[in-house]
Amino acid sequence: MALDRLAQMRVSYADRGLSKRDAGADPLALFSTWLNNAVEAEIAEPNAMALATADESGAPSVRIVLLKKLDEAGAVFYTNYASRKGTEIASNPRAAAVMLWHDLGRQVRFEGKVEPVSDAESDAYFASRPFGSQVSAASSPQSHPVDSRGSLEELREDVREDVREGTAANQLERPSQWGGFRIIIDQFEFWQGRPDRLHDRIRFVRAGSKWMVDRLAP
5 MALDRLAQMR
15 VSYADRGLSK
25 RDAGADPLAL
35 FSTWLNNAVE
45 AEIAEPNAMA
55 LATADESGAP
65 SVRIVLLKKL
75 DEAGAVFYTN
85 YASRKGTEIA
95 SNPRAAAVML
105 WHDLGRQVRF
115 EGKVEPVSDA
125 ESDAYFASRP
135 FGSQVSAASS
145 PQSHPVDSRG
155 SLEELREDVR
165 EDVREGTAAN
175 QLERPSQWGG
185 FRIIIDQFEF
195 WQGRPDRLHD
205 RIRFVRAGSK
215 WMVDRLAP
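The sequence shown lines up with residues 5 to 222 when you count with the numbering used here.
A portion of the hints provided could be inaccurate.
Stated by the list, open to error - Once the Cα atoms are required to be at most 25 Å apart in a straight line, the calculated SDA-like pairs of lysine to any residue come out as: (1) Lys117 / Gln175; (2) Lys73 / Val163; (3) Lys117 / Ser87; (4) Lys73 / Asp123; (5) Lys73 / Ser213; (6) Lys214 / Ser87; (7) Lys117 / Val102; (8) Lys72 / Gln175.
The hints are simulated quantities; they were obtained by calculation from the structure and are not laboratory data.
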């Protein structure tokens with residue numbers, strides 16, 4: 005049984021290093037390079053990240069979401085504002101995320117304050133989604149109990165029927181409870197796996213308009 009072998013499960017990492025010199029002074033540039041490497045390596049969903057939030061008492065929760073934008077303003081993801089993560093962010097507006105590109109032996113972690121994106125940004129992204137995804141977002145009471153899979157599918161069909169009866173086929177307005185959040189990043193950490201677990205960790209901490217760079221022990 006796999007559970008019985010957890011203590012023995014480990015992999016060895018290639019001798020591919022990350023120095024402060026190679027990391028440079030701009031974490032966004034390094035992130036862009038690493039993301040391009042992940043895409044070129046054909047890693048499945050290279051924009052997937054584990055997003056950690058906590059409620060007002062400090063109780064944490066974590067889930068996988070998709071990073072949809074990263075620039076000087078921060079990292080953007082989309083969700084139902086009434087979901088668990090949405091309500092936790094409303095009461096405790098900080099979050100941390102980590103992206104794992106296992107085939108490359110790399111992780112990137114970042115954290116910061118969270119704020120909603122503008123309605124215009126949310127509208128534009130929602131309009132770009134496949135119609136089926138729009139319907140699911142509009143019909144799902146995310147993170148809330150439902151009676152059955154069948155009742156969830158009925159909610160979806162109700163939304164589809166409303167669209168069919170409307171004047172514009174296959175066009176759906178963004179629900180008010182659905183939209184984007186932006187993590188205003190104040191810290192990045194880039195992790196490169198190395199042999200014998202003596203990994204490389206380079207941290208960027210925001211200091212005004214600049215980034216302070218240091219190395220962390222593994």
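Evaluation of the provided hints:
no. : hint            : result
1   : Lys117 / Gln175 : violated, 33 Å
2   : Lys73 / Val163  : violated, 28 Å
3   : Lys117 / Ser87  : holds, 18 Å
4   : Lys73 / Asp123  : holds, 15 Å
5   : Lys73 / Ser213  : holds, 20 Å
6   : Lys214 / Ser87  : violated, 34 Å
7   : Lys117 / Val102 : holds, 15 Å
8   : Lys72 / Gln175  : holds, 22 Å
Going down the numbered hints, you'll see the structure goes against 1, 2, 6, while the others check out.
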